[in-house]
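Visitor: So the chains spell out like this:
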Amino acid sequence: MNSFTYIEPAAVGEALAALAQYGDEAKLIAGGTGLINLMKQQLVQPSYLIGLRRLPLTTIAGNGELRLGALATLRALENSDLVRRQAPMLAQAIHLVATVRIRTQATIGGAVSHADPAQDTPPALLALDARVKIRSQRGEREVALDQFFTGYYETVLQPDELVTEVIVPAQPAGSSAVYLKFLPQTHDDYATVAVAARVALTGGKLSNVRVALGAAGSTPIRARAVEDALINQVPTLKTLREAAALVAGAVDPTSDFRGSSSYKRDMAVVFVRRALEQALTQAGHKVA
Amino acid sequence: MASLVSIGQAVGHVEGPAKVTGHTLYSADVILPGMAWAKCLRSSFPHARIKSINTAPARALAGVHAVVTGADLPDVRIGRFYLDIPLLARDKVRFVGEKVAAVVADTPEIAEAALRLIEVEYEELPAVFDALEAMKPGAPILHDSAPAHPKPPAGHEEVHISPPIPNVLSQVFYRHGDIKAGFAQAARIFEHVFYVPPVHQGYIEPHACAVGIRPDGKIDVWLSNKMPFVARHQLAVAFDVPDERIRVNAVSIGGDFGGKGSLMDTALCYYLASRSHRPVKMVMNYTEELMAGNPRHTGHFIFRTGVDSAGRITARYARTLFNCGAYGSFIPAHTLHGAHHAGGSYRIPNIEIESLRVYTNTVPRGHMRSPGAPQTIFAVETHMDMIAAELGMNPMDFRRLNVLSEGDVAPLGERWRHVAGKETLEAAAKAAGWGTPKGKNVGRGVAMYDRPPGANGQSTATVTVDAKGRVTLLTGAPDTGTGSYTVLGQLVAEELCVPLSQVSVVHGSTDEASWEQGPGGSRFTHTGGKAAYEACQKVRQALLELAGEHLGCTAAQVSLKAAQFSTPEGKSVSLAGLMEWAAAKGKAPVSGAGVYNPAPVDVTAFAAQIAEVEVDPETGQVTLRKLVTAHDVGTIINPLTHQGQIEGGAVQGIGQALIEHLVVRDGQVTNVHLGDYKLPTAKDIPELQTVLVPTDSGLAPHQGKAIGEHSNVSTPAAIANAVYDAVGVRLMDLPITAEKVYAGLRAKESHQ
Amino acid sequence: MKKISLRVNGQAQSREVPDNRLLIDFLRYDLALTGTKEGCSVGVCGACTVLLNGQPVSSCLTLAVMAEGAEVTTIEGLAHGDQLDPLQQAFIDYGGFQCGICTPGQIMAAKALLNSNPHPSKAEIQDWMMGNLCRCTGYYKIIESIQAAAEGKVRV
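Here the protein sequences come in this chain order: B, U and E.
The opening residue of the first sequence carries number 1 in this note's numbering; numbering runs sequentially from there.
The opening residue of the second sequence carries number 1 in this note's numbering; numbering runs sequentially from there.
The opening residue of the third sequence carries number 1 in this note's numbering; numbering runs sequentially from there.
No lab work stands behind these hints: they were computed from the structure.
There may be inaccurate statements among the hints.
[As the list claims (entries may be wrong)] Calculated lysine-lysine pairs in the DSS-like style (CA-CA distance at most 25 Å, straight line):
#1 Lys3/E - Lys27/B
#2 Lys561/U - Lys468/U
#3 Lys683/U - Lys740/U
#4 Lys440/U - Lys740/U
#5 Lys468/U - Lys585/U
#6 Lys153/E - Lys40/B
#7 Lys748/U - Lys438/U
#8 Lys2/E - Lys40/B
#9 Lys122/E - Lys626/U
#10 Lys440/U - Lys430/U
#11 Lys2/E - Lys683/U
#12 Lys238/B - Lys440/U
#13 Lys468/U - Lys538/U
#14 Lys27/B - Lys40/B
#15 Lys740/U - Lys438/U
#16 Lys626/U - Lys430/U
#17 Lys626/U - Lys440/U
#18 Lys286/B - Lys440/U
#19 Lys27/B - Lys2/E
#20 Lys683/U - Lys153/E
#21 Lys571/U - Lys585/U
#22 Lys153/E - Lys122/E
[To be verified] Quick look at which bits of chain B chain E covers, simulated, 3 or more residues with Cβ under 8 Å:
#23 29-42
#24 100-111
#25 159-171
Using N, Cα and C, we set each Cβ at its ideal position, and we do this for glycine too.
Using the sequences and the hints, build the whole thing.
Guide: As structure tokens, this is what we get:
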């Protein structure tokens, strides 16, 4: 790794001031599990590293709506009674991230800021309508997560901005969410494809449908075409199958060690259908 | 038979306390006073002439002690048998990752920074990556001449070194019988082609070495190498010094699996130490291991087999073509022993095996657990299943018809003593419930292998009993994790009738211990065990004579049991008491050396594995639910370490079958860290059932057989055969991925 | 350069380190605690596992400066004087290691598991230990060793 100066602010204001001062020369480091690897490979060579570990952003709170401090570790989140109760799919998805060591250090703020399109946390959050709170010296803003990711490891974050909170709204009554991670070879790997799906039933018809995919493109993907095809539909095997087929046009997976792009595309269709089926079964609705 | 006390006990590793407290010394743990660090610059081209190297900016960096290129070093070639590897590339580079320059600096960070300042000008040359392409006329040629090599052996193999085929390093023929006649007798002939890509040994410890040169010229070496005496000699030749000038110090090896038998960077490290006038340490990182270690040879296979009308094999021709990468010197022989196994564990009266090793501009290949065998046996056992299918025979019945049984001659003419092929196969079938009902998309597949205990090279052991009756066994063999020190300790405890807790096994340097080949090729329980046994016989006899002297009778009248020497009259003395007495008379310690040079062996050990899989027809995902692994074994000296070898080998076999693939594209290894080259995890293992088929035909002391390379070889074929049984998709190459099975399922659908 | 103060295996340590010093190098070279091993260098293999404030982390991905003020436990700090921790003894008795290079990481990870879940099921053990690679054992005896320690079957 290159030489750098490590700064460890004690308060958010100090961190923002450092970001404003050093701009492109600085990188934020929370858990560091993603960043340190990039630095070891010389892909990222900041002159300043702004360490966030002292900032009071670890709270997990909420009543209905979940307010997750950006520095809450993935481990804390998967073990949190609050998260398990109010967004159980999120806890399940986070549990599947890498290994227990990584989850001990990695944070939810890091997970969204790092914007790795193959990671588990972003698509799970997308399917739950999450949004992020962003602060800089210039002020504060909230961005819906489905507007947050702009490209491969790229987000709307400006160089002087810091994610301070991830907000998961109260989920629609009676909704059911599922996260499926397709790992055909080994359990410790990025997904070949991953699907987060949420459904609810209103008067026997699908509502509040969200379908998000990971490892399916340069960003986590909201499969709106699939969602639109399902809203207000009675869920049958046929409608689920037909809607799932639409995801093929929504994804743009890369060929890599986990599969060719055409295989991943075919699997996206399979796993969208399976995720929807399982979410409905979990809600007590048998699909015929 | 007298009941055994120590043999057969499932005791934990004697070196356990050090390992579980972090005190075991591995090469990368060595810290020497004044030590500097060296790092290497590696080629980013697969084949290129080196036009110039400017090291001046690197030399100017503060903290840098030396920067060296191939031109600065003597033109020494190193290797385990052939000698074709330069210390650093000279004139040209032959693979992506080849070492081009080396920096010695105060810290690894300074060394890395200095590497980035070295300017190399390359002129790219045409390159070739595929072994079949490399053999074609007009292919780019990697080496202009044959490497220095020992004379080919006399024997039934016909060896051609650098035959007139482009880029072929060695061509070896194994023949038995008359295949022309054999094929003429066949009612049907089958020919299939198979391909097995490379995998890496995956030891968790990357190669490391350290070299220090003392003022008197003595050279101290620490290296991740399991054959220190062989390494010492190779270094002595490379440095042009006597063997005794070099001391290879004792370190533990963090996983070998065949990949830690070469000097790797050690010879270079010596030159760097002498250039920079300080001790030098070199530690490969895992990226360097994956791109420039010595992984498995790629295998290309053509198998042609004739069977008579009853389904008995009459003849086989096999061409086993191994891509050895840019250099051929990482193996200690002309070709891979696995080629030998192209007949499998079956009666084949007429056979010809052609084995070629071919240079390509890819990472040089080495030895890995049963070298050449997982590749060859994947071909053999898939070919067997495919023939069975064509004949309309159950794969188990086809094997039953042809498997080696008592009295049979093996394919290359070996007449093994007590052939347990059939018993081992049947034991596996029974344990796996072969033929019992299975669910939908569930399949079972079988595959076999056999391999004799290793028998090359000398082993020695010295056993000493001190003035307090404490027993020490001195060995020159490094510990690679197999439990060898425990097994040796148990042998000594058994022979000298002392508790294992009274026996210390000490790993000595090459100055202290005597010449030892080291572990490898499933040899060590056999050869190291016999050397220890011989040493013990000498010590035992000497102790009995001392006891006789002490107790006033002849040695023959003394009986030894539970560390007590006693006479028929009932007089007795403990070992400790005897040695105290002996010490007072100037007759302590008592010591004996055992030397064992093995003769060719006349036994083999069979393995039969049956995999049970479930295939998800929508995705092609293969779930390995259960693996039965049946082994023909002699006396097991330590059931705990023996079982550990079976389990570890099986999971390596599963890795090669389902998960691992060192992906070489345009000559470059593309998965260069363990995030992309996946090794099996604790969550990836199936239910494993071990079946031991006891025989009394072992060679090691107490008729032990070998186990180290027996459970990783037939696994890929067993799983592939199970996939075919489950969903009718045939895999002719590895690994067995969901995507390949999915493609096979969709192809089947479109043909219906 | 930064001056860091932390506790390692119960002992206060204070050193001046470059900002970019990794915790694994600090432990192995600044403190000469070479029991923690470097395998893959990318946080996958787990050979470098240590406990940071009781939690398992990859020391190859952790900056030493980020361990300022923390309690670090390495394999050298597990035994109680001359007496091995039951986990350490279990690994010996049940064959939980062969070459031993991954063993410090395995034991530290297992220690963290039993600290947070004293009676894990086999599935929970596999799930937790998935991040500690072993090439020698095939994992069966690592799982048995951890089970034995959890069930109090070990005599130290």
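Visitor: Are the hints correct? Go through all of them and say.
Guide: The hints, checked one at a time:
no.	hint	verdict
1	Lys3/E - Lys27/B	21 Å, holds
2	Lys561/U - Lys468/U	18 Å, holds
3	Lys683/U - Lys740/U	23 Å, holds
4	Lys440/U - Lys740/U	20 Å, holds
5	Lys468/U - Lys585/U	14 Å, holds
6	Lys153/E - Lys40/B	43 Å, violated
7	Lys748/U - Lys438/U	22 Å, holds
8	Lys2/E - Lys40/B	20 Å, holds
9	Lys122/E - Lys626/U	17 Å, holds
10	Lys440/U - Lys430/U	21 Å, holds
11	Lys2/E - Lys683/U	40 Å, violated
12	Lys238/B - Lys440/U	24 Å, holds
13	Lys468/U - Lys538/U	19 Å, holds
14	Lys27/B - Lys40/B	14 Å, holds
15	Lys740/U - Lys438/U	23 Å, holds
16	Lys626/U - Lys430/U	14 Å, holds
17	Lys626/U - Lys440/U	16 Å, holds
18	Lys286/B - Lys440/U	23 Å, holds
19	Lys27/B - Lys2/E	18 Å, holds
20	Lys683/U - Lys153/E	24 Å, holds
21	Lys571/U - Lys585/U	20 Å, holds
22	Lys153/E - Lys122/E	16 Å, holds
23	29-42	holds (count 6)
24	100-111	holds (count 5)
25	159-171	violated (count 0)
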